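Enquirer: Could you fit the two chains together into a complex? Lean on the hints.
So the protein sequences, as listed, match chains C and D. Residues 1 to 117 in our numbering are what the first sequence lists, from first letter to last. Residues 118 to 506 in our numbering are what the second sequence lists, from first letter to last.
Please keep in mind that the hints were generated in silico from the structure rather than gathered at the bench. Take every hint as true, because none was put in to throw you off.
Subject to a maximum C-alpha distance of 35 angstroms in a straight line, what follows is the list of computed DSBU-like cross-link-like pairs (lysine-lysine):
1) C:Lys-55 to D:Lys-378
2) C:Lys-39 to D:Lys-180
3) D:Lys-320 to C:Lys-85
Fair warning: this is a prediction, and the values are worked out from it, not measured in the lab.
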Amino acid sequence: MESKEFIRGILKTLILRLLSQTDKMYGYEITQKVTELSKGDIKLTFGALYPILYKLESEGLLVTTTEVVDNRARKYYSLTPEGKKLAKTKVSELQRFTEIINTILGDGMKPQVSFGS
Amino acid sequence: MITDAQRNLISEYLASQGLTFQPLLDEMTDHICSEAEEMMSRQMKFEEALQLIITDLPQGHFKNIQSETMKTITNKFNLSRAFSFVAMGAVLIATIFKILMLPGAPEILMIGFAALGAALISGVLPGLTVKREEKGVIRVVAIVASIIFLLFGYAFIMMHLPGANQLKILAVLLAISAIVMNTMFVHNNSAGRGNLMTHLHEKHSPGIERFLLFLLTPVTLYKTIWMFRDGRGSVVDVILIIVIYLAGLQLISFFWRSMEKGSGKGALIAILTIVAGICLNLPMLGELVPFQARLLSVTLFSVVSAAIVYQLGDDQSKAMAFFPPVIFVVLALMRVHVLPVYSNTVINVIVIAMLIASIFIARKNEMLRTYMIVSLASFLIEYNLSVTL
Numbered sequence: 001m002e003s004k005e006f007i008r009g010i011l012k013t014l015i016l017r018l019l020s021q022t023d024k025m026y027g028y029e030i031t032q033k034v035t036e037l038s039k040g041d042i043k044l045t046f047g048a049l050y051p052i053l054y055k056l057e058s059e060g061l062l063v064t065t066t067e068v069v070d071n072r073a074r075k076y077y078s079l080t081p082e083g084k085k086l087a088k089t090k091v092s093e094l095q096r097f098t099e100i101i102n103t104i105l106g107d108g109m110k111p112q113v114s115f116g117s
Numbered sequence: 118m119i120t121d122a123q124r125n126l127i128s129e130y131l132a133s134q135g136l137t138f139q140p141l142l143d144e145m146t147d148h149i150c151s152e153a154e155e156m157m158s159r160q161m162k163f164e165e166a167l168q169l170i171i172t173d174l175p176q177g178h179f180k181n182i183q184s185e186t187m188k189t190i191t192n193k194f195n196l197s198r199a200f201s202f203v204a205m206g207a208v209l210i211a212t213i214f215k216i217l218m219l220p221g222a223p224e225i226l227m228i229g230f231a232a233l234g235a236a237l238i239s240g241v242l243p244g245l246t247v248k249r250e251e252k253g254v255i256r257v258v259a260i261v262a263s264i265i266f267l268l269f270g271y272a273f274i275m276m277h278l279p280g281a282n283q284l285k286i287l288a289v290l291l292a293i294s295a296i297v298m299n300t301m302f303v304h305n306n307s308a309g310r311g312n313l314m315t316h317l318h319e320k321h322s323p324g325i326e327r328f329l330l331f332l333l334t335p336v337t338l339y340k341t342i343w344m345f346r347d348g349r350g351s352v353v354d355v356i357l358i359i360v361i362y363l364a365g366l367q368l369i370s371f372f373w374r375s376m377e378k379g380s381g382k383g384a385l386i387a388i389l390t391i392v393a394g395i396c397l398n399l400p401m402l403g404e405l406v407p408f409q410a411r412l413l414s415v416t417l418f419s420v421v422s423a424a425i426v427y428q429l430g431d432d433q434s435k436a437m438a439f440f441p442p443v444i445f446v447v448l449a450l451m452r453v454h455v456l457p458v459y460s461n462t463v464i465n466v467i468v469i470a471m472l473i474a475s476i477f478i479a480r481k482n483e484m485l486r487t488y489m490i491v492s493l494a495s496f497l498i499e500y501n502l503s504v505t506l
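The following block holds chain D by itself, in its conformation from the complex (with noise of 0.2 angstroms):
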């Protein structure tokens, strides 16, 4: 049998070929193991059975069959694809009327939290008909409902009408239940089977990642030219919430990625990421919940998730999850009086381009980059200590 070495020497060895994209290179790593362990069971050493698989593999073999692979799946036209370019598309229109400051902004942003409802739907149905003998349909429908009511919450506040709170409520009570019901789930089946969330995830999170930079480069561009000029409840900010809520549900679904893969059966890891779950939800209420409670949601989110991403992560660059803690920890301090309120755009300027640098850095490390998506869009509404969480 290949031991868990010689597993890695072939999945990193892929790695080094330019197979980025994860459920491919699983499958690939778990067909080259399975090809040299039959290899094996007849006398042969593992070096020599990989070195045969490898002979005479053309240059690029794998990077090749990486892209013919990328191209089946992207080129099959799907509605939930045709809402998402609308949503990507009103959002980046509602960015420039903001920067050129025109009116009707909200409500561009509005028709693309309608398009992007209608994406998410149109992308989990067929899953939800399809794949019929996986567990957690209630969930999955729980996590998406929770997406929709957050949007319409925010979507209300921005055209004032009634009902907004009552949504985000609902939203958060029911993410947070998603969230603890699925943990629990892959926690006790860590075989990694039969979970639908996980399923819908893993063949969803490449186009959930494009999703989130399209909405994520705009908005950062915005901020940083823009800086100190923007209040709270901005069309920008608004946007800027919605990347953190999604890449933070896109980072907990990582996590439960991982466990199931067996890298996090602990049960501390499981408690970490239901820890993380309500960190990222209870923001979400606004006023709702007080400012202390907020803040430390904030802080705490960044703190349990950097710790989870550096235990879960398999690669030299989890190291640098540690860097957003210790910014979201010391503006909590700033926000908190317990250290000098001290806000300067040159070293605000720098935050940012170094967690930009972070999530191209950790081009290999999805969950890392996820994080670090999470922490620059945090990053973006909290630089500026003038604004109330």
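The shape of chain C in the complex, shown without the other chains (with noise of 0.2 angstroms):
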């Protein structure tokens, strides 16, 4: 199994928590938020990150508004009370299970992973 294989699994939930630290952020944003929390360890390219963000939005998990940006238009994608629910739900969900996942293997294994093309 590869190691973007892990994130694909998790990378919903990686949205849906970054979202709800804050009130909106736009694609590139996301991916650079990523960037920086993972240090540089997980990079989310297009193809990873908006059909994702189209998917969550057809479900009704996020909303969107259209602000035009130095002249051209930038799409802001915020959670909506169902989303922020989940959010959490997800949130703990995954902790939970990496704690597990960490009991049967150990600590100390840190990903060097990348995700997408």
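Expert: This is the structure:
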């Protein structure tokens, strides 16, 4: 199994978590935040990010607003009340899962992953 | 900061890579612009930054992203989609019944109208509840209500029920009010923020276009094959009127979105959009409006819309927008006997073929494409000069 498959499984949770910590974010901002928080270990590309953003929006978990910034349209994403609830649930589920995996594998394994092409 | 020319270069590059879904194209453009700007802040040249971003991307990368994105959107089953399928099916069956001269076509078409109304309501309702922070709920409700009232108005006419005119008047008043209010809102808030109407349109416009093309295809075939045979008030003409109305509203929504993006901020575009909205609605009242006023409305809608499409368009195909006004001005002049009445099946078929071709040619310009859909549907009603508008 490749490392990116780990990320694929938790990408939805990652996005929900990031958006739960702020009012709104746009696509590039999300990729930068992920890179920054993972200290460059995880790099989200457009290919990974946008299909899932559109999916979350179509599921009613995200809402969007468009603003004109520097003469171009910028689409911001924010969580709906339903999205906020799901973010909490998903994050606690993932934390619990990580604890279990850590228990099984032991601590000290820092992943070096790059996701997307 | 990225200049307009550099942004356009990125946008054109993405379009050349097969990215046609406008919301995603805009978003990717912003993404790459942001990334390039970040690199340029580290003293890198724009050309180098862009090259670095796109280097190593596999062939068809953006097309694949688009297809994956579309799959995630379209795969989701919802009530609105189910009703849309019922509506499309009913319209198709009604047209086939009409072609085969079987009884029951009006009744089946009414089922289609009811399903279309249900699709609209179920498609818009989640947007009204989820997008609470956006403004314009009343305007959206007014537009949806106007479409439903118009559908019922025509259904009542086909069933010879009383109240059809009242429904049509209500529909037109609601639609004109909503168009005027939303145009003013967009004009005064050109930052493109907080408008529920344009947000919902951005989300649903590809589906609306597929729906319109689905309705238009069988009736175009029917009208082309059975030229000169049908009179007014037929099932097929009612379908065409609904296509004109829905496509006309879709076109006006594209004008709003373009105004929001900043390419049509001027007061003139706003005024012309309102004029187009009024001219789209008045003919829907049928004989309640004098013939000359309806004729003027149809012609003016064509001319004004062409001017806006040309003004807001950013590709070479936009010049095609001036083809329909020529047709409709000539037809109008024939109807008021300024020009001698001349109708020739071969010429009519050629015009229809040219309008169909223009819909395909304008595949990268959704505003122009929608305008051509309205023009084709209008011509299919109007070409027969023996028919009174």
